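Engineer: Fit chain B to the known structure of chain A by using the hints.
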Amino acid sequence: MKPRVGVVVFPGSNCDHDAYYVFKKILDCDTEFLWHKTTDLKNSDIIILPGGFSYGDYLRTGAIARFSPIMNSVIDFAEKGGCVVGICNGFQILLEARLLPGVMLRNKSLQFVCKDIYLSVINGNTLFTRDINSGKVLKIPVAHGEGNYFADDLTLKDLEKNRQVVFRYSSSDGTIDEAYNPNGSIKNIAGIINKNGNILGLMPHPERSCDPVLGKADGQLIFRSIINNIFN
Amino acid sequence: MFKAKVLVKRRPSILDPQGKAVEKGAVLLGMNNIRDTRIDKYIEFSVDSNDRVSAEKEVNEYCSKLLANPIMEDYEFTLIEWKAPEKEKR
Numbered sequence: 002m003k004p005r006v007g008v009v010v011f012p013g014s015n016c017d018h019d020a021y022y023v024f025k026k027i028l029d030c031d032t033e034f035l036w037h038k039t040t041d042l043k044n045s046d047i048i049i050l051p052g053g054f055s056y057g058d059y060l061r062t063g064a065i066a067r068f069s070p071i072m073n074s075v076i077d078f079a080e081k082g083g084c085v086v087g088i089c090n091g092f093q094i095l096l097e098a099r100l101l102p103g104v105m106l107r108n109k110s111l112q113f114v115c116k117d118i119y120l121s122v123i124n125g126n127t128l129f130t131r132d133i134n135s136g137k138v139l140k141i142p143v144a145h146g147e148g149n150y151f152a153d154d155l156t157l158k159d160l161e162k163n164r165q166v167v168f169r170y171s172s173s174d175g176t177i178d179e180a181y182n183p184n185g186s187i188k189n190i191a192g193i194i195n196k197n198g199n200i201l202g203l204m205p206h207p208e209r210s211c212d213p214v215l216g217k218a219d220g221q222l223i224f225r226s227i228i229n230n231i232f233n
Numbered sequence: 008m009f010k011a012k013v014l015v016k017r018r019p020s021i022l023d024p025q026g027k028a029v030e031k032g033a034v035l036l037g038m039n040n041i042r043d044t045r046i047d048k049y050i051e052f053s054v055d056s057n058d059r060v061s062a063e064k065e066v067n068e069y070c071s072k073l074l075a076n077p078i079m080e081d082y083e084f085t086l087i088e089w090k091a092p093e094k095e096k097r
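Residue numbers (the working numbering), protein chains in the order written: chain A, 2 to 233; chain B, 8 to 97.
Keep in mind the hints are simulated off the structure, nothing from the lab.
In this text the structure is predicted, and so the values were computed from the model without any measurement.
Worth double-checking, as some hints may not be accurate.
Stated by the list, open to error - In silico PhoX-like pairs for lysine-lysine, Cα to Cα no more than 25 Å straight-line:
#, chain 1, residue 1, chain 2, residue 2
1, B, K72, A, K81
2, A, K140, A, K26
3, A, K109, B, K31
4, A, K109, A, K188
5, B, K16, A, K109
6, B, K72, A, K38
7, A, K137, A, K116
8, A, K109, B, K64
Extracted from the complex, chain A is given alone in its bound form:
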């Protein structure tokens, strides 16, 4: 049985159609757009908060979207164990909603970074990575100006202790070093989960690396892992 997928659309989302296309056409899931002013998640099993510039990134990235009506339903769904994936701006929204710990700062370089990067899978035992081995390196693009993840020492210790760091920026052979970090994020963090393991936030765009026609499809590994394991 395939899960039902809901892709939330905020004013300023611009990766919503990519996510919809991937889940509907490539992964063959029942997929629906969810307008941010509604509160009905349409029985979704997976909620995607897509990339983009919700509310123009005004005030802080994700700060206003976090109060959209649909977010009450998403928070409720997530707190009951529902699967939520925040990609890029979606990750920023998850941080502002406090569904994930930490904050996002402007890229250290101050530049908007748009390129393929390599991600090392740090924890291969999550809903999002169970079908990928720990240590596997994925090639997935990033595209953001504010992806410099930051958390205080206490939060970082907690993240490490609970194995909540799922992805780190690395070289193509899995070396984790500042040199491979596109935005200056602390400890090369690219993606984290909550303690219960049902919410993932990541800066890279797996949905842009799913259609083999584009010459890369590593993003599929993450989404297929969710699809294959969500009902287990």
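Structural biologist: Same frame as chain A, but now just chain B:
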């Protein structure tokens, strides 16, 4: 009616890449004594209330829930009694 003037500042422990970049501009202009440039946020709005205590409560709520992210930012504000000009009144 009150006028609120809010200053949202990042904690000193939080890196400010924008401030650092701007400071490089000062060096390019030949100013070598500029240190610790931080770009913060100044926000102004009015509060339609005649009661200072309730107005302060509302400003605190606005600041802590939306204008500032308490994980990385602190805020301070001043509330000034203010009479809106006739044409600006709702």
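Engineer: Among the hints numbered above, which are violated by the structure, and what are their numbers in rising order?
Structural biologist: 8
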